[in-house]
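If you read the sequences in order, they're chains A and B.
Under this note's numbering, the residues of the first sequence are numbered 1 to 512, in order.
Under this note's numbering, the residues of the second sequence are numbered 1 to 320, in order.
Be a bit skeptical, because a hint or two may be false.
Stated by the list, open to error - A few chain B residues facing chain A, derived, Cβ under 10 Å:
| no. | residue |
| --- | --- |
| 1 | 190 |
| 2 | 198 |
| 3 | 201 |
| 4 | 203 |
Unchecked claim - Across the chosen pairs, the derived CB separations fall in these ranges:
| no. | chain 1 | residue 1 | chain 2 | residue 2 | range |
| --- | --- | --- | --- | --- | --- |
| 5 | A | 329 | B | 290 | 47 to 55 Å |
| 6 | A | 75 | B | 148 | 51 to 59 Å |
| 7 | A | 385 | B | 304 | 50 to 58 Å |
| 8 | B | 290 | A | 148 | 55 to 63 Å |
| 9 | A | 123 | B | 148 | 57 to 65 Å |
| 10 | B | 16 | A | 6 | 53 to 61 Å |
| 11 | B | 119 | A | 385 | 31 to 39 Å |
Bear in mind the hints are in silico, worked out from the structure with no lab data behind them.
Every residue, glycine too, gets a C-beta built ideally from N, C-alpha and C.
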Amino acid sequence: MTESPPPVVQMRGISLAFPGVKALQDVDFRLFPGEVHALMGENGAGKSTLIKTLTGVHRPDSGQVSLAGADVAFSSPGEAQHAGISTVYQEVNLCANLTVAENILLGREPRRFGGVDFSAMRKRAAEVLARIGVHIDPASSLGEHPIAVQQLVAIARAIAVDCRVLVLDEPTSSLDAGEVAELFRIMRVLRDEGVAILFVSHFLDQVYEISDRMTVLRNGTLVGEHLTAEVDRRTLIAQMIGRDLGALEAIEDAAEKRKTGGPVLVQASGLGRKGAIEPFDLEIRAGEVVGLAGLLGSGRTELARLLFGADRADSGKVLVDGAPLRLRGPRSAIAAGIAFSSEDRKGEGLVADLSIRDNLVLAMQAARGWTRPLSRRTKDQLVEKYLKALDIRPANPDALVRTLSGGNQQKVLLARWLVTEPRLLILDEPTRGIDIGAKAQIQQLVTALAAEGTAVLFISAELEEVVRIADRIVVLRDRRKIAELDGSVTGVDEVVELIAGGAAPEPEKVVS
Amino acid sequence: MTALAQRVPSRFLPVLATVVLFVLAFGVGSARYDGFASGQVVANLFIDNAFLIVLAAGMTFVILSGGIDLSVGSVVALSTMVTASGLQAGWPVPLVIVAVLLIGSTLGLLMGLVIHKFDIQPFIVTLAGMFLARGLCFLISVESVSIKDKTFRAVATAAIELPGGVTITYNVVIALLVVAAAMYVLHRTRFGRTVYAVGGNESSALLMGLPTTRVKVGVYVISGLCSSLAGLLFSLYMLSGYGLHAVGMELDAIAAVVIGGTLLAGGVGYVLGGLAGVLVLGTIQTLISFQGTLSSWWTKIVIGVLLLVFIAVQRTMVRR
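Looking at chain A on its own, in the form it has when it is part of the complex (with noise of 0.2 Å):
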């Protein structure tokens, strides 16, 4: 990478307010052609608002954007796309009720007679599926096929036009590792061609295997720029976060000093449902925390569900401080005093396009009946100390939630449960695809809450956080509790190991 060639984007200056978060300031960018170039930053870092500036979605409220020398305003995507930049977003932005071939050529679809050749459309797409080594009928409908296919489209899409810049954001967190080395091999292929590539991605390991050169930003503003040869992870990890490692290492201390004796919370026996979970026994103390590990699949939510009534059993039953427990649906599950915090940020929980404050106060007011009203002071109070519980960035309690980074929702969701007071919380996934900082605090979070006294059901799919933070380790396989695990003594082999298992089905156990 010589200086030689003049950077085929420049951004200078660049700042932009949403109403009550200044999302960028003064940010600086540049681009050179035939380069993979990796955008970092935490959640809320600004990432996504600096891509959308310069994909036309974000106009900038001041700053300067120019292509290949020229001076540019896109006002709409559709501008940028015509002068060359196209964008892959990390959810897929495609039309699920239409074919394949239409979402690669949509807008661009070539044309006899003034109507769409339809046949030529296919034989195009074919085309540009081939390119990419993506084997698909271009007539079937894009809804039909699974979301790391449609993401892959995505990116026949984006390619299917000459573009002098690619803008990969996230595309590989709904990819298996074949197909990330299939997309590596793609944007290799793109480079070579001359393309500039930025690329968003929150593995460390592919941002090093691919970018050759980072850009890193810390809420809103830039923190430097490297050749990705030049920077180490630590130091890399320490601007994006903008302090130690320390904080994730004190959370094991805190694991080991708690103890755990408290009485059972929850007791579950048999309890099972037919194609979801197979009948399981489950006991949850006070104070501690149970860690659900298992591959995708393995009956992990759906086991969550059951004891949350969200679901029905159909066999067993919850016992409750020893009293047994009617879950007829969610609502009696939360008279028990059970949270669950979904996987799905955007469909629970969260009203968009409401504030902080009032996301937090429908919670309080939903758990006390609108029969007592809070006080104006004491909503305050209430919500001044989650923001401050959770460092909830920005700070503000006006500001939209819909204006949050996918982090700051999650804490946001998690300060809407825990204003209900649960005893206990399950958590689904509470630390998916958001970044160090963010996964630091909440893992700190729940041990802090499990020193208060709360149980906590915790999920996630990667180990080392289960591993990390749990006082025991529920290990599921195939809709089965195949283990339970003391946590202060397992390794994250030995979880993978049961999880990996053989074929055979084999008598449960209680290893520890």
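Let chain A serve as the given structure and place chain B on it in line with the hints.
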């Protein structure tokens, strides 16, 4: 049935269901009543519902884009009023036609712009448009105005003889031309495909760089144009203009489109579905008039039941 379901893509099933329903309803009529199974009864279905076919074609665009247009019935009434009073004032027929079509499309354009610029729900904006158009009718006249123009009457009463002694009117020809044009635009042009994209996922369509503004405003212009054209056909059918013509016809149009398998949420449906929906409604009406003793209001009850059933069926299909 399962073999059929495997061969036909599931997106065609709702339309097929409507066609099957039409055939069934017609079969029942043919079996029970003498003279029901004649070509002229079928032709009459088209003659008596030509304006509704045109309305449904326009409404299909709007609903596919994820919107709704409640103003179409009132625009039909306004069009009959402008036609009748224009002719009464001695305007030449071509001028009347151009004026009516211009008024309809302009109203559509205005509603589309308001919906887009101020980001207001189409339901509210077109509800306002509905009141506006209905009110304008009575500004012109509170009485019914009959049409006496010779050319106009000649076109209205002219019969086109088809093989087999079946006759149709020019209305039917125009309506079928509109359906053909709508099918071409919606299914074969870039604009039409963008309508589907916007209805499927508007923010995706925007991020894909599609001209969503043009489409979102355009569908209301098309619907307005279709409504005013339907108004002209209605004038030919009734030979009068009246502010109380076509009351509630927007709901018939919406019902026909939904029964024709178009998802109210947008993104899924076909123009032919709307046509099939109109024919189902027409057949039910014919059945009830052949039956002779039932009040014509039974039509509404049957339509209501059908609508519920179809929406429930669609819902389960979407969930699958």
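Hint numbers not upheld by this structure, sorted from lowest to highest
none
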